[in-house]
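Asker: Given the sequences, and given the hints that come with them, work out the whole structure.
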Amino acid sequence: MKKELLLTAIVGATLLSACQNTTQRVDRFDNIRIQQMEANNVSRSWFEKVVVCLNARREVRADGSTEHFLLLEHTPIPDFTLAPGQSFTLLVDGTRHAFAPTNSPAAVVSRPGFTTLTFRTEPQVFVDIANARNVELRLKGTANVLEKRLARASIGEFKSYLLKYYQALPAPPNQPVTKSAKRD
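Numbering-wise, the sequence shown is residues 1 to 184 according to the working numbering.
Check before you lean on any hint, since a few could be wrong.
[Said to hold, decoys possible] Calculated pairs, DSS-like style, for lysine-lysine (alpha carbon to alpha carbon, straight line, at most 30 angstroms):
no.	residue 1	residue 2
1	Lys-49	Lys-140
2	Lys-49	Lys-159
3	Lys-159	Lys-140
[Stated by the list, open to error] Ranges between beta-carbon positions, derived for each pair:
no.	residue 1	residue 2	range
4	Lys-164	Pro-84	34 to 42 angstroms
5	Asn-31	Arg-133	35 to 43 angstroms
6	Ser-45	Ala-171	15 to 23 angstroms
These are computed hints drawn from the structure, not numbers from a lab.
Everything numeric in this text was worked out from a predicted model, so none of it was measured.
We put the beta carbon where it would ideally sit given N, CA and C, even for glycine.
Answerer: Laid out in structure tokens, this is it:
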């Protein structure tokens, strides 16, 4: 009985903790290879009113060019409207990085129940986060502000992401096969 209860508790804790996951896929419509971190919960607290996830994303085009993004996911916040301009600020070991929302050329698929915001960045910001001791974020709205501190486990997920995808040069996606190419 105790073993079953312990096993149930472990499985429940694993499901409730937003475990980080990385995916790699090719967007067939835009011919872009996407390497993305998903569900990287910022604070790892059990009973939060607002769940915030900070994720990294790299898009590789067929010509080998890359773009890097920070994706901020959060559960809906009552009466929250994003402030214009640089509404997202990261404080990485005392160094301030400010970002304005932008659109990704490839489609960004939001998780059910989350609002996803996209911010263009440089890969050095990923490295700074991965090597940081203290990372804080602020999302400014027109009437209120959301502030969180990244947990050590969340910072460690940035290290894992960098080790997985940034060891070698990114491979561009293969050219899509069209109907006319199949006929030739």
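Asker: If a hint holds in the structure, say so; if it doesn't, say that too.
Answerer: Consistency of the hints with the structure:
Between Lys-49 and Lys-140 the CA atoms are separated by roughly 17 angstroms; this keeps the pair inside 30 angstroms, and the hint holds. Annotation: proposed proximity of Lys-49 to Lys-159 holds, straight-line Cα distance about 27 angstroms (limit 30 angstroms). Our distance criterion of 30 angstroms between C-alpha atoms is met by Lys-159 and Lys-140, whose separation comes to about 27 angstroms. Take Lys-164 and Pro-84: their Cβ atoms lie about 35 angstroms apart, and the range 34 to 42 angstroms holds.
Remark: the range hint 35 to 43 angstroms for Asn-31 to Arg-133 is upheld by a beta-carbon distance near 40 angstroms. With their beta carbons about 38 angstroms apart, Ser-45 and Ala-171 fall outside the hinted range of 15 to 23 angstroms.
Violated hint for the displayed structure: number 6, the only one.
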